[in-house]
Amino acid sequence: MQFTRSNKLKDLQQLISKMPLQMCYVTVLPEFGVKWRDLSRAVRNARLAMTPASVARVLCRHVAKSPENYDIDDILAKVRLKFVATQSRTWYVILLMEPTHSDPLMEVIDNLPARIVQALRKGKARASTPEIQTVMLDDLVYVSMQLVSERKLGPVVYAATPPGEPVVLLSTLGSSGLIKAFVEALGYKKYEDAGLHGRDVASLLRIYNRAHNGEADHLAHVPEYAPVPTITPNGIDYTNKTYDNSYVDNILGPNPPLLTDLTIKSVKPFFNRDMIDKNISLKIVLKSEDVAKTLKCWVTKRALAPTSDFFQIFHNIKSNMIMYNKDGSE
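Heads up, the final residue of the sequence shown is numbered 330 in the numbering used here, and it's a clean run with no missing numbers.
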C-alpha cells in the first residue's frame with residue numbers, strides 16, 4: 001500500500017513538473033487547498049528556483065507529511081484531467097439527439113459521474129470498475145472515463161461539453177461503450193459523428209455554433225468582389241493587393257476557426273466537352289498548421305484568387321470533409 005502511494009506521489013510530481021508555472025497556480029493549487037503565497041514562501045525557504053519542478057517537489061513533500069488529509073487518487077486524476085484539457089490534442093465532435101429528460105442543468109453536471117456509472121452498469125461493463133473524473137474549465141465540463149478490471153486497464157476517453165448544449169468533443173471515437181454511457185448520462189438517447197475534428201476546442205465550437213464566436217460573426221453572404229485602387233501609407237495601391245487582403249479578411253472573419261486539415265471533394269464537367277463529354281471527380285486535401293492562414297498567404301503571394309471557391313467553402317464550413325457543388329457545400 002505504501003509502495004503504491006509512493007508511486008502515485010511520484011507520478012503526481014512528474015505530472016505537475018510538466019505544467020507551465022501559471023497553470024500550477026491557476027489549476028493545481030485549488031486541488032490541494034494551498035495558497036500561492038504560502039507555496040512560494042516554501043519554495044524560497046527550500047532555496048529552490050521558482051519553476052514547475054520546484055512547485056511539484058514542495059507540494060508532494062507537503063502531501064507526504066500529512067497523507068490523511070489528501071486523497072491521492074482523486075487529486076492525481078483531477079490534475080491529470082486538467083493537464084489533458086489544456087494540452088494540444090485532436091478532438092472529435094459528436095452531435096447529441098433525442099433528449100430523454102429535462103432535468104435541471106446543475107443537477108446533471110453535479111451528478112454526472114454517478115449518471116455515467118449507472119449507464120455503464122446497464123451494459124456489458126458490469127465486470128469492470130468505472131473510474132470517472134470531472135472538472136470545470138473555461139465554461140466547459142471535462143470528463144475522463146476508464147474501465148478498470150483486475151486483469152487490465154481499459155483505454156481512457158476524454159470528453160468536453162458546454163453544459164446545456166447537444167454537442168460533445170471526444171478524444172477518440174473508438175470506445176463506443178463509454179461514449180454511449182456518457183451520452184445517456186447527459187440525457188440523450190443517440191449521437192452522430194459530425195465529421196468535424198481539430199486541435200482547437202474554441203474553433204470547433206464556433207464551427208458547430210456561431211453563437212460561440214466572441215468576435216463579430218461572419219458575414220451573412222460573401223461580399224461582391226469589386227477591386228478599386230486603395231490608399232496606403234506608401235501611396236496608392238493599383239495592384240489590388242491591399243484590396244484583396246481586406247476582401248479575404250471579410251470572408252474569413254476577424255477570428256477564423258483554426259483547422260489543420262480539410263478534404264474537399266467535387267464532381268465537375270471536363271473543361272472541354274468536345275474532347276470528353278464526362279464529369280471528373282476531384283479531391284483536394286489541405287494540411288497546414290492553420291488552413292485559414294495558408295489560404296490568405298496564397299492570396300498575398302498571388303497563388304490563389306480571392307474569389308476562389310476555397311473561401312466560399314471555408315465561409316460555410318461545418319466539417320473537415322466537404323462535398324462541394326458550385327451552389328454551395330454540403
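Incorrect hints may have been included.
What the hints assert, rightly or not - Taking lysine-lysine pairs in the DSS-like style, the calculated list, with each CA pair at most 30 Å apart, reads:
1) 8 <-> 35
2) 287 <-> 318
3) 301 <-> 287
4) 78 <-> 189
5) 190 <-> 241
6) 268 <-> 301
7) 301 <-> 278
8) 8 <-> 152
9) 283 <-> 293
10) 265 <-> 287
11) 318 <-> 283
12) 10 <-> 78
13) 35 <-> 65
14) 293 <-> 278
15) 268 <-> 278
16) 152 <-> 78
17) 278 <-> 241
18) 318 <-> 268
19) 180 <-> 190
20) 10 <-> 189
21) 265 <-> 301
22) 189 <-> 122
23) 35 <-> 10
24) 189 <-> 241
25) 293 <-> 268
26) 122 <-> 65
27) 293 <-> 190
28) 287 <-> 268
29) 283 <-> 265
30) 318 <-> 190
31) 152 <-> 180
32) 241 <-> 180
33) 78 <-> 241
34) 301 <-> 318
35) 190 <-> 78
36) 189 <-> 318
37) 18 <-> 65
38) 293 <-> 265
39) 18 <-> 152
Derived from the structure by calculation, the hints contain no laboratory data. The structure presented is a predicted model; accordingly, all values stated were derived computationally and were not measured.
Status of each hint after checking the structure:
1. 8 <-> 35: This hinted pair holds, its Cα atoms lying about 23 Å apart.
2. 287 <-> 318: Status holds; Cα separation ~17 Å.
3. 301 <-> 287: Cα-Cα ~18 Å, so holds.
4. 78 <-> 189: 28 Å, holds
5. 190 <-> 241: Status violated; Cα separation ~49 Å.
6. 268 <-> 301: Judged against 30 Å, a Cα distance of about 27 Å means the pair holds.
7. 301 <-> 278: The hint is violated at about 34 Å.
8. 8 <-> 152: Roughly 18 Å separates the two Cα atoms, so the pair holds.
9. 283 <-> 293: 21 Å, holds
10. 265 <-> 287: 15 Å, holds
11. 318 <-> 283: 18 Å, holds
12. 10 <-> 78: 16 Å, holds
13. 35 <-> 65: Distance ~18 Å between residue 35 and residue 65 Cα, so the pair holds.
14. 293 <-> 278: Outside the cut-off at roughly 35 Å; violated.
15. 268 <-> 278: 9 Å, holds
16. 152 <-> 78: 21 Å, holds
17. 278 <-> 241: 37 Å, violated
18. 318 <-> 268: OK: residue 318 and residue 268 at ~22 Å, within 30 Å.
19. 180 <-> 190: Holds, because 8 Å separates the two Cα atoms, which is no more than 30 Å.
20. 10 <-> 189: Status violated; Cα separation ~41 Å.
21. 265 <-> 301: 25 Å, holds
22. 189 <-> 122: Roughly 14 Å separates the two Cα atoms, so the pair holds.
23. 35 <-> 10: 22 Å, holds
24. 189 <-> 241: Roughly 52 Å separates the two Cα atoms, so the pair is violated.
25. 293 <-> 268: Answer holds: residue 293 to residue 268 is near 27 Å, not above 30 Å.
26. 122 <-> 65: Answer violated: residue 122 to residue 65 is near 42 Å, above 30 Å.
27. 293 <-> 190: 36 Å, violated
28. 287 <-> 268: Answer holds: residue 287 to residue 268 is near 23 Å, not above 30 Å.
29. 283 <-> 265: 5 Å, holds
30. 318 <-> 190: Judged against 30 Å, a Cα distance of about 20 Å means the pair holds.
31. 152 <-> 180: It holds: about 21 Å lies between the C-alpha atoms, which stays within 30 Å.
32. 241 <-> 180: 51 Å, violated
33. 78 <-> 241: Violated, because 51 Å separates the two Cα atoms, which is more than 30 Å.
34. 301 <-> 318: Judged against 30 Å, a Cα distance of about 27 Å means the pair holds.
35. 190 <-> 78: The hint holds at about 28 Å.
36. 189 <-> 318: 23 Å, holds
37. 18 <-> 65: 23 Å, holds
38. 293 <-> 265: Judged against 30 Å, a Cα distance of about 21 Å means the pair holds.
39. 18 <-> 152: Roughly 27 Å between the alpha carbons, so the hint for residue 18 and residue 152 holds.
Violation of the numbered hints given earlier is confined to hints 5, 7, 14, 17, 20, 24, 26, 27, 32 and 33; the remaining hints are satisfied by the structure.
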